[in-house]
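Here the protein sequences come in this chain order: A and B. Heads up: the first sequence at position 388 corresponds to 388 in our numbering, and the numbers run straight through without jumps. Heads up: the second sequence at position 127 corresponds to 127 in our numbering, and the numbers run straight through without jumps.
Simulated from the structure, these hints should not be mistaken for laboratory data. These numbers were taken from a predicted model, which means no experiment stands behind them. Every residue, glycine too, gets a C-beta built ideally from N, C-alpha and C. Treat the hints with care, as some may be off.
Residues from chain A shown here face chain B by an in silico Cβ test under 7 Å; the list is partial [stated by the list, open to error]:
id: 1; residue: CYS58
id: 2; residue: GLU138
id: 3; residue: GLY182
id: 4; residue: GLY186
id: 5; residue: LYS666
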Amino acid sequence: MADEEDEVETVFIMATVKINGKEITVEDGTLILDAARQAGFEIPTFCYQARLSGLGSCRMCLVEIAGQKKLQPSCVTPVLHGMDVFTENETVKSARASMLEFLLANHPLDCPTCDKGGECELQNFVFKSGPRQSGFSEWKRRFHDKDKILSPVIVKNHNRCIHCERCVRICDEVVGAKALGGIGRGVMIQSTGFMDDRLDCDHCGNCIEVCPVGSFMSLPYRYKARPWDLKEVDTVCPYCATGCQITIGIRNGEVVRVKSRINTGINKETLCARGRFGYHFIQSRDRITKPMVKKDGKLAECSWDEALSVIKQMFGSGRRTAGIASARYTNEELFVFQKLVREVFKTNNIDLDSRFANKWVTSAMIDACSLAAGGIPIFDALKADLIFIIGSAVSDENPVTDYLIRTAASDRRKTLIIAHPRRMKLDSSSAISLRYKPGTEGEVIKGIADFIENGGESTSDINAAAARFKNASNITMFLGAEILRLANGVDVLTGIAALKALLKRSGKNIKCLPLFDRCNQRGARAMGIHPLFLPGLKKVKEDGMDCGEMLDAAKKGEIDSLYVLGEDIVSMHPDARFAREALSNIKFKVVQDTFLTETAKIADVILPGASYAEKDGTFTNQEGRVQRLRKVISPVGDSKDDLDILCSIGGFAYKSAREVFEKIKKEVAGYKDISFEELDGNGAIVTGHGRQSLSLKGTVPLLSGSDNSGQQSIKEDKEYPFLLITGNHLFHSGRLSQRADILMQLLPEPFVEISEDDARESGIVDGEKVVVKGNGYEAAMKLRIAKGSQKGVAFVPENFDSVSVNMFYKKGEGIPRVKIVKLP
Amino acid sequence: MFEPILLKNINTHDSHRIDVYLKNGGYQALAAALKMQPDGIIQTVKDSGLRGRGGAGFPTGLKWSFIPKDPTIPKYLCCNADEGEPGTFKDRVIIEKDPHQLIEGMIITCCAIGAKVAYIYIRGEFVFGAERLKTAIDEAYQKGYLGKNILGSNFNCDIYIHKGAGAYICGEETALLESIEGRRGRPRIKPPFPALAGLYAKPTVINNVETLSCISHIVNRGAKWFASIGPEKSPGPKLFGVSGHVNKPGMYELPMGTTAREIIYNHAGGIRDSRKLKAFIPGGVSAPMLTERDLDTPMDFDSLAAKGTMLGSGGIIVMDETACIVKVAMRTMGFFRHESCGKCTPCREGTDWTYKVLQRIERGEGKEGDVELLEKLCGNIFGRTFCPLGDGAVMALRGALKHFRDEFAYHVKNKRCMG
Ligand SMILES: Cc1cc2nc3c(=O)[nH]c(=O)nc-3n(C[C@H](O)[C@H](O)[C@H](O)COP(=O)(O)O)c2cc1C
Ligand code: SF4
Ligand code: SF4
Ligand code: SF4
Ligand code: SF4
Ligand code: FES
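All chains should be modelled from the sequences, with the hints used to inform the complete structure.
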């Protein structure tokens, strides 16, 4: 474990109870249901769900307690020392059967046409303990004949609802969307959105996941398969670095659904819209399935042999060649990629796309979060009494992390403080939400540190936050990837390190976790995708160039060839024009990817790789949890497993991801105890790479020394009043999600979001079409108003080819300024 | 002749106005209570033997004594004026005719339990009553009985009116709290009990209008006096609302423990058209019905409980021999089916199913085994619901089945009424 050691020991009072005559000792306050399960007795439940508040409404779990007249709901009744509980006697069994009989009374029993048939909890319980016949011969309550389509992902059948309200509670308590509630009462009650409206919700589908019956159903999966026809494989979500476990179901070779499992992964039953519905890119018709080489200025399909042989020209090119990878590739692929670049191309010019970040900031981040010291399970981190988030619109960027933080923060003894310019869903759980202008993160940190050290009177939010820091004893900080985008990111991270040291001096336990937006961002660095570090974060002898430096060098004609593994530099690099220009100066460019990205379009060789569903390997999430990716289908068309491609180019003899992993274990200390074979739904947390910090102190140049810095442009500018920030939208991730049909239905085009005050001043209303102008670029989009966001800040999601946000950026000028004008 | 206590003012002109109330000795109990120790007030109420008039008959002083004494924790009083039980109309009379009696009782209660804020949760249909209360509360503020530093005592108290939106379940105390907090009116899990975590998770007392209206009289005339009225275990005056097939339906204030015979025949003028009494419901439709044989039962909590029914709200519904008990049972179940909040399985599905069966029998489509089916359904609901509403539904039907099983059987067999 990383930063801190001594956890506070909690002493539990124990209670001894008898369950069906069997004595068991459990923590006082344990629910009878859990105690019974521990004693080996299963009690059926509908409304109970471990992470939700107790409802006690379905009455399936009634048990008899000696001395009590009435049966009691075991899911909300804690044990008392000396209790004598019966869970299987005749009274209990007949009560159980009668509840099922009641639930079936108005149930349509249209199992043959119900998507849930075969994995329905009602069916299963009736099979197990249900009445074998029913005395019900009345007309059934019926809300509608046809199922209701509530949203692009939800189809609802109210007739089948058994009113457990797991959907309502997960939406409210975990997702925080509060899109569902009860309408009507008695037997006419419906759990749904207001007036069955097309739901304005997060489209996470968690209501579908938790619904025990076929009432909330997935529209994309509708009538696609019967559960027993599915082949299901457990793997990991390819989007953000929360690293949710997912289960992909295929039928006749087609991916038909993604679901989550209640006992698997940190996400358990939850996912976000991207994870659950963002799978259509896998078998998209736009996948590139044939290798291509440029002939006479045009890309033409060719054989694998031909494509691979032309790449030989990069061998041994040294400093005039470079490699850029995406953090969406597996540890094994990235490890082999850096081997290829370092050992075969003979250069340390290797980096992630590092959209906005130079090598010093990324190093400082590794240091600030002590990534070299090993992983921290998020549930340990969330035990803190103060949780501080800075630099991430976490509700958008890492939705399931947002759920976990919301759940933790619902404990009134905990304090959540969020620092971000934009309003976000998680604000409703925070004690204090600090707003600031982008670029002034350092001042926020300094303000907190100053108050802690020197005290003060002012009633500002920052001081109020600082006072909370002072009162806390266990603090967890989440540092978002946005800090990496700041020209003064090193300063901010140095400030955070100083704050951590200050807090530690006053005896507090500090944990620090990164919030990354790419699934394997953490693993990629550990695998040596960094110009300064070899695998295991070992310092290189001769520094390589980072992504920005490579492009600078290319502009000057100092780079001859470039190998791009799955990254779209043209679309993501801040200053699109410069990136395109610099890349076109490179004579030979190889792009290995799954789609014809803007960058692939200007490549000389295109190698069609595989999606996450077509390969084995591991990802390391932001906690430092290594999880198994499992192959679900074979690579589409003539495309190939990426590991195979890299190995055949480099002439490496690895036959499988597992073999590469064995090699990684030898080179990357933190992975040495992990068994590839044994990685299950919980993954394994990496240990330290043998040192606490990178000891870069002195080598990391601060602002003044760093090359592409330039002071942040936070001067006022009347003509361009908004500072533009960007990032991922809740439904999108990089440019990959554009290829997922459903995600595109949920949000097909970008928008610009500004604060309510700004909107009022400019006289623009929500939903109005506006033009965003800046840096000689302009784009039309809809305006969205965010009540409570920082004034003078505009946000545009970076996920769309239709509006390339990076066009607003100018190299070296930091955060861009834009103006927003109404369409006439 | 029993001299009315709670209803003593209602026939005075403008009895709802504060000056009339003051002329008749109003707010003197408040002045006296403000000079007492809060614990002293609680003890007095305990000694009086007052039991809650909302239905369950819980000892009021004991309920108040559960409230934590810590002065730093805010506490609340909620007056239950939802009066949703069919056959019940007693609270309405107090609210419309003598609202200050209730308000004075509430301020004294606040003083006793250390609450500074009280709510009156009033049934939405009581539009007129709510207006009367509003005016009365305004008057009380003007005269300094509400607001800051009441009668120079340093005690502050505010009362707010919260109107219900038409759900019987909101009379159940925890559903009432949910409703005041702005959520759907549905019962909460107990524990925690409201005395520890009620409104806004703070210690809360919930009392019925009639209960609270007794308080000023207890303070004025003493616990002993109150305890001397009616039976030892449930003393005090009681409002009996008589409706149905009687000559003089109406509101009668009598000592607790007066027999049903006396109420129905002496006060309510006997059965209309000199018919025979078939059945009577002693305390709102949740209370199982009784028959002629039970007319001499004293109407108090314990005596009625001994008969397998309850005093409930004291709303007596009288039925003569023309009433079809199957229809009565069907209508009653229809009420519970309609008012079930839908949270728990046995009540939601059970009331629906039972209602459908009763409807069928009533329509002449009964089938052999239907009576047994009804009994089975009652057994599957009773004692297994989340809150007492479901139990109430079953008790009502079981009462009818107990005394009139033959009539149900006849209906099933002959497809029509017995009469
Ligand atoms: C379904 C249901 C409806 C109720 N309706 C009322 C009501 O309308 N008025 C009322 O005073 N009590 C009602 N009660 C009783 C209350 O829950 C509570 O016991 C009472 O208000 C307590 O006041 P008391 O102690 O003064 O009797 C109802 C209870 C249930 C279960
Ligand atoms: S999809 Fe998600 S946000 Fe929408 S209603 Fe369901 S749980 Fe709530
Ligand atoms: S829709 Fe499903 S999850 Fe929601 S209440 Fe009904 S059965 Fe439960
Ligand atoms: S995008 Fe992130 S939060 Fe959403 S399912 Fe995937 S890993 Fe989980
Ligand atoms: S018994 Fe159940 S369904 Fe009926 S009102 Fe109470 S909680 Fe609601
Ligand atoms: S699982 Fe316990 S009442 Fe529903």
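Cross-check of the supplied hints:
1. CYS58: Constraint on CYS58 of chain A satisfied, holds at 5 Å.
2. GLU138: For GLU138 of chain A, the interface hint holds, since the closest Cβ of chain B sits about 4 Å away, which is under 7 Å.
3. GLY182: With a closest approach of 6 Å, the GLY182 of chain A hint holds.
4. GLY186: At about 4 Å, which falls below the 7 Å cut-off, the nearest Cβ of chain B leaves the hint on GLY186 of chain A intact, so it holds.
5. LYS666: violated, 56 Å
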